[in-house]
Amino acid sequence: MSNITLTEDEKDVLQELMNVAYGNATAIVADMLDAFASLSIPNIKIMQTAELLNELHDLKGDSYFFSTQAFAGEFSGESAFFIDNESAQNLALHLELETDEDLQDAILELTNVLTSSLTTRLAKEMNTEVKFSLPSISKIPLNEMDQNDSFKEYSQVIVIDTQLNFEDQKINGEIFILTKDGSIEWLKNQLNNILEAMM
Amino acid sequence: MAEKSTQQYLRSNDVNEKLIASIDNGIIILDEELSIFYYNKWLEIHTQLKEVDVLNHKIDEVFTNINGKTLKRKIKTALRMETPTFYTATITKYLLPIKINQLKISGFKHMRQDVSVIPFDKEKRLVALIITDQTNVTNTNNLLQSNIKKVQDLNNELIKERETIDERVILLKIDTNNLITQTSRAYTDLLGFDKESIINNDYFYLERLQMPVALKEEIQKHQREKKVLKFEKVSLTSEGKEICLLSTLVPQYNQSAQHIGFIIFSENITNAKLLQEHQEKLLRNSRASAMGEMISMIAHQWRQPLSVINTIIATLKIKKELDILEDHLITSSYNRIEETVSFLSETIDDFRNFFKENKELKRVPMHIIFEKSNNLLRSEMEIYSILYEEDIDEKLLITTLQNELVQTIINILKNSVDAFKENPHDAQKLTVKSYESQTCITIEIEDNAGGIPKDILQKVFEPYFSTKSKNGTGLGLYVCKTIIEEHLKGQLTMRSRDNKTKTIIELPKNVVVS
Chain A
388 MSNITLTEDE KDVLQELMNV AYGNATAIVA DMLDAFASLS IPNIKIMQTA ELLNELHDLK
448 GDSYFFSTQA FAGEFSGESA FFIDNESAQN LALHLELETD EDLQDAILEL TNVLTSSLTT
508 RLAKEMNTEV KFSLPSISKI PLNEMDQNDS FKEYSQVIVI DTQLNFEDQK INGEIFILTK
568 DGSIEWLKNQ LNNILEAMM
Chain B
1083 MAEKSTQQYL RSNDVNEKLI ASIDNGIIIL DEELSIFYYN KWLEIHTQLK EVDVLNHKID
1143 EVFTNINGKT LKRKIKTALR METPTFYTAT ITKYLLPIKI NQLKISGFKH MRQDVSVIPF
1203 DKEKRLVALI ITDQTNVTNT NNLLQSNIKK VQDLNNELIK ERETIDERVI LLKIDTNNLI
1263 TQTSRAYTDL LGFDKESIIN NDYFYLERLQ MPVALKEEIQ KHQREKKVLK FEKVSLTSEG
1323 KEICLLSTLV PQYNQSAQHI GFIIFSENIT NAKLLQEHQE KLLRNSRASA MGEMISMIAH
1383 QWRQPLSVIN TIIATLKIKK ELDILEDHLI TSSYNRIEET VSFLSETIDD FRNFFKENKE
1443 LKRVPMHIIF EKSNNLLRSE MEIYSILYEE DIDEKLLITT LQNELVQTII NILKNSVDAF
1503 KENPHDAQKL TVKSYESQTC ITIEIEDNAG GIPKDILQKV FEPYFSTKSK NGTGLGLYVC
1563 KTIIEEHLKG QLTMRSRDNK TKTIIELPKN VVVS
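The listed protein sequences derive, respectively, from chains A and B. Quick note: to get my numbering, add 387 to the position in the first sequence (first position is 1). Quick note: to get my numbering, add 1082 to the position in the second sequence (first position is 1).
The shape of chain A in the complex, shown without the other chains (with noise of 0.2 Å):
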C-alpha cells in the first residue's frame, strides 16, 4: 500500500486541473451525443483504493456496466467508467439503440470520451502525452467487485462523481482514475511545478 499522499495545495491544483479537463469532456460527449447536455461540476475525491473498495460496497445498485481503459505514457494507469442500468437504459433510448451490442459498444464509447478526454487533456496540462489501450466492458454484481484483483494493483484513486443531464433524462456515471505509486510521484512532482509557476 502505497504512502504518497496528495497536499491540500496539490489536491487544490488538481481540482483545477480536472475541472478544465471536465469542461472539455462535457463539450465532447455532448458533440457525440448530438444534443445538448451539460455535466454537473463534478465533485473530485482522491482516496486509497481500499477506501474505494469499500466505497463501492456501499453502492446498492443490483448491477452496473464497468468499463475500464487503461493508458500508457509518464502518467500511466487505468480509468474505469460505473454507470447503472438505468443510465444506461437513457443512453440506449437517446441514441435509439436497439441491440444490447449496440448499447455496450454505446457504453465503451462514451468510457473512451469521458475517459480519453478527461486524461489526455489532464496530460496535455502537465505537459505530457498518454495513449489509450482499447476500452473493455463488463456488467458485474457490485459485490464480486472486490474479488477483481486488478483493482487491487492500484494504490490511488481520482474519482470523479459525473451527472449526463439531458433535456428529459439523466445519466448517472462514475469515473475512477486508477494510478500506480510511480504515476502518483510523477504527478505530484508536476503539480509541485505548476505550483512553483503559480507562485
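Each hint can be trusted.
As a list, the in silico DSBU-like pairs of lysine-lysine whose alpha-carbon atoms are at most 35 Å apart:
#1 K1154/B <-> K1140/B
#2 K1158/B <-> K518/A
#3 K518/A <-> K1086/B
#4 K1158/B <-> K398/A
#5 K518/A <-> K1140/B
#6 K511/A <-> K398/A
#7 K575/A <-> K432/A
#8 K398/A <-> K567/A
#9 K1158/B <-> K557/A
#10 K1151/B <-> K1175/B
#11 K511/A <-> K1204/B
#12 K1231/B <-> K567/A
#13 K1158/B <-> K511/A
#14 K1151/B <-> K557/A
#15 K567/A <-> K511/A
#16 K511/A <-> K1175/B
#17 K567/A <-> K1204/B
#18 K1154/B <-> K511/A
#19 K557/A <-> K1154/B
#20 K1204/B <-> K1100/B
#21 K1591/B <-> K1312/B
#22 K1154/B <-> K518/A
Bear in mind the hints are in silico, worked out from the structure with no lab data behind them.
Based on these hints, arrange chain B on the given structure of chain A.
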C-alpha cells in the same frame, strides 16, 4: 559506415509506405461521410476487393452490414477529441465481414476484429481505421469463459453438496493427535454444542464419560493400524439426553498420501434402537400371553384324559370293593392309564419345547407342524363342533424355526376358534392346506366364522388391536406378522370375503433367518 548508409537508405525511401504495405493489419482511410480514400493490401487480400474498386465509395455501401450512423459518430468523436475511438471484438464482433476458414475456430464464421478509429488529418476531416485480427484471442477468450462457467457451475454444485453434507451428515474430523479439527452442522445440531466449543478438543476427552474402556482401546488399535472401524456408542447432548450413534472411523490422507487424521461418520440410531427394544418387549409380552393361553388349552386338553383316568380308577375301586376285580382288567386298566398319562406327558413336553429358545433351523414335515399346533386345540374344536379339514401332502418338508412357526399357526387357529365362539353356527369349518411352488411354501388357513369387515381388516396387524370381547391382548397377529416377515423372511396376509377369512403364509424355500 555501413550503418550510416543504411540510415541514409531508409531516409531516402518511404519507410512508412513499405511498412504499411506489409503490416498485418487492415488500414482504411475515410472521411466523415464514410468515403474510402485508402484501402491497404491486407484488406485487398482478406476482402478480395481491389482498392481501385472501393475508392471513393462509401464504406457502408460496400459493406452493407456496417451501421453508418454509429461509424459517423465514432469518426466525429475521434476528430473532436483528437484521440482514437474504438470498436471491440468482444462487443461488436467485426466491422468488415471477412470469412475465416480455420478448422480450429469452430464457433465463428467471420474474423473477429478490434478497430481503432484514429484521427488522421484534422483539416481534411480524415480518419484511419486500423483493423486487427482478434479471432484467435476472442476464440481463446470464449473457450476460457465457457470453461470458467463450467468451473463455476461445478463449484456451485460442490458448494451445494458440501452444504447438504454439512447439514445432513453427522461428521467430525480429528487429527493424528485426536484433536477435533472439523465438525459438520448436523453433528453440532444433534448434540446441541457450539462448533467453537468442540474444535481443538481431544476426541477421547470429549467422549470420556460415555465411552467404555474396551471401545476406546479398540478405536485406538484401529487408529494405530489406520484401519476402518464401525462401532456403536452413546453420546450425551448438551441437555444430557442420550443419543445412540453408529459410527465409522475412516483414516484420512492428504493429496500427497500423507496420513493426517481420521474422519468419524455417524448415524443417529437412537430411534431404531428404541423401536428394536420396543419390539423385543412386545415379543416378550406376547410369549407371556401365549403361555397363559396355552395353559388354558392344556387344561382343556387334560380334562378328557383325566376323566378317563378317573373313570378307570373308579371302576377298579368299585370292582375291588365288590371283589370282582380280575387280573386282566387290572392289566388293561394299567395299560390304559399308562397310555393316557403318556399323552398327558406329551402335551406337557410340547408345551415345554415350545417355550425353549431354539433359533436353529430344522427340516420338518409340514403335517407335523400342524399336528403340534393342533394338539393343544383339538379338544376345544371338538367341544365347539368345529369341523377341521387338513390338505397337506405328507411328503411336504419345510426348513424353518419350528417353534416360531407353530406359535404363529396356533395363534391363527386359536383366532378362528375364538371367532366361532363369538359367532356360532351349524356348519363351522376350519380348512388348512399347504403346498409348494418353485420358490416358496404356502400355508392357507380358512374359517367360515363370519368374516372381518374391510375397515377392521386393515388394522388387524397393528399392535394392541383386538376385536375380542375379553382376554384379547391385541398382540397376536402383530407378533405373527413380525415372526413371519422379520424372523422367517416370509409374508403374512389376510383376506376376508362373504363370511370367510383366509390367512395366507408364504415362506421362502431357501430361508436365511436373522
